[in-house]
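Engineer: Sequence:
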Amino acid sequence: MNQKSSLNSQITQFGRILNELNIDIIFANSPQAKGRVERANRTLQDRLIKEMRLEGISSIAEANAWLPCFIEHFNQKFAKCARNSKNLHLPLTETNLELDDIFTWQEPRKVTKNLTITYDKCIYILEPTELNHKLAGQYISILEYPDGTLALMHEGRKLNYSIFNKLAGLQQNEIVENKRLGSVLAHIQQQHEVLEKQNKRSRAKKSMPSRKAQKAVIEQRNLNPVLDSCG
13 MNQKSSLNSQ ITQFGRILNE LNIDIIFANS PQAKGRVERA NRTLQDRLIK EMRLEGISSI
73 AEANAWLPCF IEHFNQKFAK CARNSKNLHL PLTETNLELD DIFTWQEPRK VTKNLTITYD
133 KCIYILEPTE LNHKLAGQYI SILEYPDGTL ALMHEGRKLN YSIFNKLAGL QQNEIVENKR
193 LGSVLAHIQQ QHEVLEKQNK RSRAKKSMPS RKAQKAVIEQ RNLNPVLDSC G
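For the sequence shown, my numbering gives the first residue as 13, with consecutive numbering after it.
Worth flagging that the hints you see were computed from the coordinates, not collected in a lab. We put the CB at the ideal spot given by N, CA and C, even for glycine. Misleading hints may appear alongside valid ones.
Stated by the list, open to error - When the alpha-carbon atoms are kept at most 25 Å apart in a straight line, the in silico DSS-like pairs for lysine-lysine are as follows:
{"id": "1", "residue 1": "Lys62", "residue 2": "Lys89"}
{"id": "2", "residue 1": "Lys146", "residue 2": "Lys170"}
{"id": "3", "residue 1": "Lys92", "residue 2": "Lys62"}
{"id": "4", "residue 1": "Lys146", "residue 2": "Lys122"}
{"id": "5", "residue 1": "Lys133", "residue 2": "Lys170"}
{"id": "6", "residue 1": "Lys92", "residue 2": "Lys46"}
{"id": "7", "residue 1": "Lys46", "residue 2": "Lys62"}
{"id": "8", "residue 1": "Lys170", "residue 2": "Lys122"}
{"id": "9", "residue 1": "Lys125", "residue 2": "Lys146"}
{"id": "10", "residue 1": "Lys133", "residue 2": "Lys122"}
{"id": "11", "residue 1": "Lys89", "residue 2": "Lys46"}
{"id": "12", "residue 1": "Lys125", "residue 2": "Lys170"}
As the list claims (entries may be wrong) - Derived Cβ-Cβ restraints for the label pairs, each shown as a range:
{"id": "13", "residue 1": "Leu66", "residue 2": "Ile175", "range": "47 to 55 Å"}
{"id": "14", "residue 1": "Gly47", "residue 2": "Lys146", "range": "51 to 59 Å"}
{"id": "15", "residue 1": "Asn31", "residue 2": "Ser70", "range": "37 to 45 Å"}
{"id": "16", "residue 1": "Leu33", "residue 2": "Leu60", "range": "22 to 30 Å"}
{"id": "17", "residue 1": "Pro80", "residue 2": "Pro140", "range": "52 to 60 Å"}
{"id": "18", "residue 1": "Asn31", "residue 2": "Lys122", "range": "17 to 25 Å"}
{"id": "19", "residue 1": "Leu143", "residue 2": "Cys93", "range": "52 to 60 Å"}
{"id": "20", "residue 1": "Cys93", "residue 2": "Lys146", "range": "55 to 63 Å"}
With the hints as constraints, model all of the structure from the sequences given.
Structural biologist: The structure is reproduced here in structure tokens:
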């Protein structure tokens, strides 16, 4: 969750989630705040591990069952009461479905004029509706859920799509739906042109012997014919 979100190069996935939930991040800029953070980290990295060993915990299930007891004992020993006991937490306004969409890994993709996008070696073809045709040249969001399922979204609207797996490829006798064949072929042609340009650039970068060096070798061989027999 701490990897950068491509939706904004200056924000992580964690920051994006907090922003969508209208939660402000309070950065630990003061030495006092940083000290409190480091003490909490030391507790999690040192004290917690040692107490788990003393309890003989060797599995995640055992750790999850024992963790509430550790939290209770730790708070009894180290917790400090707040100066103001008023509860300032705000209730969530998002529905469960909205929360499911927010807590996803999100990546932007630009829609081509053929209503296709590429993600994880697959081509996603948008349904050719009037609204979707207006998305050509615009960015939409790919939402990847924890169970691996995907959704395409633009400004809160879920988009219907079909998938073309580039890795699977097309068999010679395979039939492709006419509705998506044009988009698939156009996308493949576009990718082919990109690869052609990359190959041209890579060929141009190859180091070839200079004409002066070649001329010097020829002159040496003319002076010493033994070099030709050795070559």
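Engineer: Can you name, in rising order, the numbers of the hints this structure does not satisfy?
Structural biologist: When the structure is compared with the hints, none of them turns out to be violated.
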